[in-house]
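A.B. asks: Per our numbering, the sequence shown starts with residue 5, numbered consecutively.
No wet-lab data here; the hints were simulated from the structure. Treat the hints with care, as some may be off.
[Said to hold, decoys possible] Computed list of lysine-lysine pairs in DSBU-like fashion (alpha-carbon distance at most 35 Å, straight line):
#1 K198 to K229
#2 K198 to K179
#3 K179 to K229
[To be verified] Beta-carbon label-pair distances, calculated as ranges:
#4 R153 to Q93: 39 to 45 Å
#5 E84 to A163: 46 to 52 Å
#6 R153 to D75: 24 to 30 Å
#7 G115 to D75: 41 to 47 Å
Every residue, glycine too, gets a C-beta built ideally from N, C-alpha and C.
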Amino acid sequence: QWTQVQDKIKESEFARRERVLAQKNRTLQSMLDNLPHGASLVNANNKIESWNQRFLDLLGLQASSQIHGMDYLALLKDTEVYPEALAFQQQDCATTPGQNVFEKEKRLASGLVLDIHSHLILGGGYMNTYTDITERSHNAEALRESEYRLRLITDAMPALISYINSNLQYEFANKAFEEWLQRPSKDIEGLYLKQVLSETEYNDHSQYFDKALRGESVTFELEQKLSGGQQRTYNKTYIPHYGHGDVVLGF
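I would like the entire structure built from these sequences, with the hints used as guidance.
C.D. replies: Here's what the structure looks like:
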């Protein structure tokens, strides 16, 4: 009789643990289903354990009861992200669990752009996320194209044109500016004005910097030496650049 009681206690404890595990699985699945990203959880044996519908949709996979327990590479074999999954598995993953160990942007044949991340998890295995960044990617391309057109236009102008942010750093310099300073724009952009101008030149300009950053458009003339030592008189205009809430972002 005592043995039967022990067996019933064990059965009860086993049933309780099963209920707890089932609840945890339901919670995990609910979390995955509410993510805006495609997500898949793969165990230490490279078998897929959990995923959401977004994962299937983004990768063009069909929902099936056979997915659970499949080898992850086999599941992705006919998808366009298979090379990334293979590359992740072939790399050295000796890193801290939870840390990104693989990330890449992938443009699919459909034009969809995915941001792919893989993270190691405690106990072995890893979590993959696939995020649709198509709009962001297109915006970045449009911004690069806009900057390219702007540079074409400003480089064709004989005037010295630059953009200086509110920290008094150069963010843009045209070709005439490059020739004036005798250095490429990539070496100018990011520099502070104090790194480009002499102390005297900086002090001569500082009142106009202050006015521009207060929101005033200013035009003035100043003598300035070229790198070769020649003295020139320059007519300069600083036009404030406003952001949201009429905050001056630069000039």
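A.B. asks: Hints first: check each against the structure and report whether it holds.
C.D. replies: Checked hints:
no.: 1; hint: K198 to K229; in the structure: 15 Å, holds
no.: 2; hint: K198 to K179; in the structure: 21 Å, holds
no.: 3; hint: K179 to K229; in the structure: 19 Å, holds
no.: 4; hint: R153 to Q93: 39 to 45 Å; in the structure: 43 Å, holds
no.: 5; hint: E84 to A163: 46 to 52 Å; in the structure: 48 Å, holds
no.: 6; hint: R153 to D75: 24 to 30 Å; in the structure: 49 Å, violated
no.: 7; hint: G115 to D75: 41 to 47 Å; in the structure: 29 Å, violated
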